[in-house]
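Hey, can you work out the whole structure from these sequences and the hints?
Protein chains: 2
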Amino acid sequence: MVAVATQNTTRTRVEAVMRAAQNRICAALEGLEQAGASLDLHTGIEPGRFAERSWQRPGGGGGSARVLTEGLVFERGGVNVSAVHGADTPQSIWKDRPATKDQPYFATGLSMVLHPRNPYVPAFHANFRYFEAGPEWWFGGGMDLTPAYAFAEDARHFHRTLKAYCERHSLADYQTLKTTCDNYFYLKHRKEMRGIGGIFFDTLQPAGPEGFEQGLAFAADGLETILAAYLPLAERRMGQPYGERERQWQLYRRGRYAEFNLVYDKGTLFGLQTDGYIEAILMSLPPLARWEFEYTPAPGSPEAETLAFLQPQEWQ
Amino acid sequence: MVAVATQNTTRTRVEAVMRAAQNRICAALEGLEQAGASLDLHTGIEPGRFAERSWQRPGGGGGSARVLTEGLVFERGGVNVSAVHGADTPQSIWKDRPATKDQPYFATGLSMVLHPRNPYVPAFHANFRYFEAGPEWWFGGGMDLTPAYAFAEDARHFHRTLKAYCERHSLADYQTLKTTCDNYFYLKHRKEMRGIGGIFFDTLQPAGPEGFEQGLAFAADGLETILAAYLPLAERRMGQPYGERERQWQLYRRGRYAEFNLVYDKGTLFGLQTDGYIEAILMSLPPLARWEFEYTPAPGSPEAETLAFLQPQEWQ
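Same order as they appear, the protein sequences are chains A and B. Everything in the first sequence is counted per the working numbering, starting at 210 for the first residue and increasing by one. Everything in the second sequence is counted per the working numbering, starting at 210 for the first residue and increasing by one.
If you're looking for bench data, these hints aren't it; they were derived computationally from the structure. Nothing false has been slipped in among the hints.
No distinction is drawn between identical chains; accordingly, a pair holds when it is met within one copy or between any pair of copies.
List of simulated lysine-lysine pairs, DSS-like, C-alpha gap at most 30 Å:
{"#": "1", "residue 1": "K372", "residue 2": "K397"}
{"#": "2", "residue 1": "K310", "residue 2": "K400"}
{"#": "3", "residue 1": "K372", "residue 2": "K475"}
{"#": "4", "residue 1": "K475", "residue 2": "K304"}
{"#": "5", "residue 1": "K400", "residue 2": "K304"}
{"#": "6", "residue 1": "K372", "residue 2": "K400"}
{"#": "7", "residue 1": "K475", "residue 2": "K397"}
{"#": "8", "residue 1": "K475", "residue 2": "K310"}
{"#": "9", "residue 1": "K304", "residue 2": "K397"}
{"#": "10", "residue 1": "K397", "residue 2": "K310"}
Here it is as structure tokens:
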């Protein structure tokens, strides 16, 4: 019985951290929408607000999807918290962890995606999660940036913020986590990165009696770092004028975003396999996306520059 | 040596059938674009023409992608013929056919997708293919229809044409092939069909000395049936007036099309794994697609009717 109580405590504590982060992040993004009202762009559009949709998973657990639609700064933003459990660890987990097969599991996480309206504001994704499956437990997560246009100063701010975050935790090495992210957000079939990366850790299971506390502290600080890493970029770019050409390029790049999420993203595949709330899982897909046969930006154009920009590199 | 010569002959013959069909289909679709010029809709848009792009696959073989972009009737149409070969049968094949593992393979096929401009004209997909892998060979293919709006008479014409086609060949049973198609073009995570189906056969390997000839005759007749099944529907609907509401619904349904192709479609996954010409493989993706969180059409609306329409049913 003690073991069960302890297990429930870890579950409850992580879930509470996720939910508090959801509140904080949504409030800050709504503040940005209000600030956007003073811009000259996008007249006639009202500042967006998050609407909450709670959902239950038939197999066990549920979540809360908060979605902002057709805002001033964000064409769509979604911040989803879930805590699901089931009798059998899904295949996407046990195939790499045989000990968890046919074992009960618990998973809680915060997942968020921002698709800005202005093509100069980068798209953003973050995910922090915690699993218990059979005898194993681990944290995972990270955040990454997907600009449609190349701004080196934005990329530097983002990566410096993440590096400083990692340096606050002895268990994390920025360089390792950055490389994991570069490798993960890669469209193999396009031989392209999705964006300029960030940090990503798939399995963090710190050893020792303080392991869980260290893992939770790292995840919690990561959730705190989301706004510090992203908000200044959105503030800096959201008033930058753009035209139809930039919009079309943004939509084209969003096609890549959809390709990545539907073909490669582990979180998406996990959601599809666990019969999660599909609208929350696919909230990450762009509101509008475009595909064009053999589109190649003109040499020397800002769009061509983006493609060169989207290569693994040191951003410090 | 005789075996090799025979093998090359089968390969050459099937590929020639595919290429002839490509010529015929593209010519007919360009004819439809010309006919579209007399319509009142879409003024300012020129009738589309197919542009050809030949491509080589580094590992062996290549193909010809013919793409029509921003036409009057078709926002995008693609008719791709490929013939590729390699030293090792890809995983997507050998996992179901152990005898083909580490064996050389050859694959030729015609694959086409039409994304019409007018939301009342259904999207169309067809694929006919022939494989040789190690000691095995087989034909596969079929065609299916994806309307954004429900027209029972269109669905009946399409399925009746396919039934008549199957009845011309003793090896084919329409009902079986229709069920295979219904099962295949199903978005499990949405619990939705992609469209109203058609026919589909994954592995056709007729027994006996005439097996190959029967298989080829069935595939060749299938390629002939494409225009008979689809063109009358495009002709009937391409002049039907529509507005922004219908356009938005079309884009939303195209999101489902993209989901299916990137998550489930075997041809797409085969292409991604075999390092095929990625622009030709992903030509099937819609030119523009939309996702909306928790969108539900108003009860009783034509859009809600479509959702009821997209259920497996008898169309005779």
